[in-house]
Amino acid sequence: MNSKLNELTTMFKSHIRDYGMYIALGGIMLIFSILSRGLFLSPRVLSDLMDMTGYIAVLAVGMTLVIVIRHIDLSVGSVAGFLGAVAAILSSKVGLPIYVIIPLVMLIGIALGMLNGYVVAKLGVPAFVVTLAGMLFFRGALINVSHSETIFTGNEVFNAIGNGFIPDIMHIEGFHVLTFLIGVVGVIGYIYTQIKNRKKKQEYGLDVPSNFVFNFGMVLVSVVVMYFVFKISVYKGLSWTMVIVGIVVAVYHFITTNTILGRHIYAVGGNPEAAELSGISVNYITFVVFGSMTMLAALSGILFTARLQSAAPTAGNLFELDAIAGAYVGGVSAGGGVGKVTGSLIGALVMASLTKGMDLMNVGVSYQYMIRGLVLVAAVVFDVRTRNMKKNN
Amino acid sequence: MTDNILEMRNITKEFPGVKALDNVNFTVKRGEIHCLVGENGAGKSTLMKVLGGVYSYGNYEGDIVFNDEVMRFARINDSENQGISIIYQELALIPYMSVYENIYLGHEIHKNKIINWNETRNQAKKMLEKVKLDVNPDVKIKDLGVGKQQLVEIAKALSKDVSLLILDEPTSALNEDDSENLLELIMELKNLGVTCIMISHKLKEVTAIADTVTVLRDGQTICSLYKEKEEIIEKDIIKYMVGREIDDIFPKIEVEKSDEIKLEVKNLTSYDRKLARNVVKNVDFKIHKGEIVGIAGIMGAGRTEFAHSIFGNYKNYDITGEIYINNELVKIPTTKDAIAKGLAYVSEDRKGNGLILIDDIKQNITISNLKSIAEKLVVNKNEEIKVVNEFVKSLSIKTPSIEQEVNNLSGGNQQKVAIAKWLFVEPQILILDEPTRGIDVGAKYEIYTIMNKLVESGLSVIMISSELPEVLGMSDRIYVMAEGKMTGVLDANEATQEKIMKMATL
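In the order they appear, the protein sequences are chains F and W.
Using the numbering used here, you'd call the opening residue of the first sequence number 1 and step up by one each time.
Using the numbering used here, you'd call the opening residue of the second sequence number 1 and step up by one each time.
This is chain F alone, in the form it adopts within the complex:
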């Protein structure tokens, strides 16, 4: 038993960077839950927490790739606000249905992002400057198209993206069956792929954790996931926002870990010169990453507009900083080449949990900003320290 425990601790120590943010998230949730006498982990608050994380989470996912290739995008908040307003106008004034608006606005996002990428890659202007300019420009554009007024979407389906929940297959009072089923299928799928990957690795003679550690981790993850699935199921079930964020994270996770494009992005981040010499066009990757970033900013704008059922001239203010903070808290390295989209999702959840928790505790806004600032610095200090630790070994 002792040796098993030992293995667990060494395993934990060597992967502390990967697990750090999960522990932080768990700790934060636990603290707020105790301080709020359980209110924080109530189904309603949890569901709301995930919805309010949504529009930042999609930005944090895109920002992950931008930071991985050693750039930054400060324009995404203003762009999200602007394109959210464009979406609201297309809905209320033009009368387009939502399934046309979403792809259309995202296409506009891609075009704007490619423009950023062009100026950064081809003209050689630092991304900080280009996107700072974009931040100013699109803030102005937002005020211009909205005439400083709030634009209502005037469409129930549109608003449902930010507030609605998926329908259920059968009606049981106080329990969302479909959500629960999706959760169960998800966990089974997770366990299946974990076991399959482990077997593959063993076949190729790669290092795998012992059975005990492997099972321990798997059970832990499954229990935690099922806990949250249950909580949501007894409320109103999965929201459309959660579904959309889930799809975005899944797609980006797959692209970054399994495709040629993903490998090339991380190679460019790890060493741009070596990547270029390896036959990878750094310019092309820059285009793609900035294009994807602004596409997600468009989606973020739609989610936020739907949540508020309207687009305001101040919409999207400081979103970029929340997204950047989420990415850093989630373990993305400023040195480039390192960072996972799943980590950034957790990072965004950490930052949102702080806000939500402090709101519940009636902490004043002034203290909220200060505390979030300190947490951001603490997260990056942790990241830097654990990275050095690894080097010394």
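Hints are supplied without guarantee of correctness; some may be wrong.
What the hints assert, rightly or not - With a cut-off of at most 27 angstroms between alpha-carbon atoms, the simulated DSS-like pairs for lysine-lysine come out as follows:
| hint | chain 1 | residue 1 | chain 2 | residue 2 |
| --- | --- | --- | --- | --- |
| 1 | F | Lys201 | W | Lys393 |
| 2 | W | Lys274 | W | Lys351 |
| 3 | W | Lys274 | F | Lys13 |
| 4 | F | Lys199 | W | Lys386 |
| 5 | F | Lys200 | W | Lys398 |
| 6 | W | Lys398 | W | Lys376 |
| 7 | F | Lys199 | W | Lys393 |
| 8 | F | Lys196 | W | Lys331 |
| 9 | F | Lys122 | W | Lys331 |
| 10 | F | Lys122 | W | Lys274 |
| 11 | W | Lys49 | W | Lys252 |
| 12 | W | Lys371 | F | Lys200 |
| 13 | W | Lys266 | W | Lys281 |
| 14 | F | Lys199 | W | Lys371 |
| 15 | W | Lys160 | W | Lys140 |
| 16 | F | Lys196 | W | Lys393 |
Calculated directly from the structure, the hints in this document are not laboratory data.
Chain F is fixed; fit chain W onto it per the hints.
Only chain W this time, still in chain F's reference frame:
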């Protein structure tokens, strides 16, 4: 005071795994011009860094005696305060500052920390007169040519009351006129009482101005030659520089000669916009199937630039000339095209642009050719593990796991990973740029063996190397480059170190 301004006694300096200096003794007489020569890696620059305080006291063994006193420099400033000034190959001027600001940068003329600009300008003018540089001190450094920048550096040294001036290959970036100018100036400084140590590869210059020549080889002092005793001639210097015995460390095998030309380059010239000069000049080159062709030359001769020019021009030179692969005229605008045309390039700078250090062995080996193990753009990770395992086995890369970060591997194993990466693209022509730099003898041998296997299987290998024994030991034919030009081509059996050095040093 004795005649000797400087005595370095029994200096030993070790880097992890390498003894860069091994009991070096180096004595400089007051008022002389002393040239320090030796092959790349002989320890010249290291010795000067010890002298200048770059490697502080305690990081080397032995004594530095300057003006009859034992010196213990903790940092560069300490040696400068004693009147020792080093001018490095890469000039240390700030391009966007004016000439006079640069001259007094770091030892400003000030009163209560407030700079007296008028006095600075006046003094700077006097220093410029001393080095006979006729430029307005208000001009920005970036607007001066390299030759004039070099003179500004010397003016800067003079402004610090230098008594021992050290120049590290001062003429390597200069054209002939500027070189001559500089050498004249060094002679004049001697009359002003400044002692001068010059590191140089250009033996013509050395024999022209040196009072004493000291030869280093493999971190040891080989000998010193004195002009007052006998005439210093190039042939002697070369003999001492390369004088090591070549034993059987090169397992060269004979591959049947083929007439099939794989790659031919005609009249290639590459202009570097940043340096504003041609880095490759009218180069003709060819390599046959199954041939190992060495490219020899000193650092900065344009060999790597030549390789970059063929391999997709990643430094964005302006290139003229023709490249033929398999007798077909080709254009290779990007590295991707180069790979598609069957070229591969193992960089001289493993850590800088050869490998992605934070990635593991697996990711590094497959990065250039992921599509070969992908289905519809999705990487087949099982296939990847399979091919990487094969490379680890066939090149005997020593590692606990293929998921090991490349950062943690030894130099030799890193180099094997770099070679594996390029073999994975299945090239026809493999360019190896300094393939054995910084790796130990055993790993060198393994790399030579790999080269043998490759030519046996029909590849053509271009080996750029600064190590002459290696070039002589492994090549079928040897090209020699100097100052961007191909100065000669030799068959392996007629080549000698002396012949190559002669061509390489013009």
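Comparing the hints with the structure gives:
no., hint, verdict
1, Lys201(F) with Lys393(W), "holds (18 angstroms)"
2, Lys274(W) with Lys351(W), "holds (23 angstroms)"
3, Lys274(W) with Lys13(F), "violated (47 angstroms)"
4, Lys199(F) with Lys386(W), "holds (15 angstroms)"
5, Lys200(F) with Lys398(W), "holds (23 angstroms)"
6, Lys398(W) with Lys376(W), "violated (33 angstroms)"
7, Lys199(F) with Lys393(W), "holds (22 angstroms)"
8, Lys196(F) with Lys331(W), "violated (47 angstroms)"
9, Lys122(F) with Lys331(W), "holds (22 angstroms)"
10, Lys122(F) with Lys274(W), "holds (17 angstroms)"
11, Lys49(W) with Lys252(W), "violated (37 angstroms)"
12, Lys371(W) with Lys200(F), "holds (21 angstroms)"
13, Lys266(W) with Lys281(W), "holds (11 angstroms)"
14, Lys199(F) with Lys371(W), "holds (25 angstroms)"
15, Lys160(W) with Lys140(W), "holds (21 angstroms)"
16, Lys196(F) with Lys393(W), "holds (26 angstroms)"
Going down the numbered hints, you'll see the structure goes against 3, 6, 8, 11, while the others check out.
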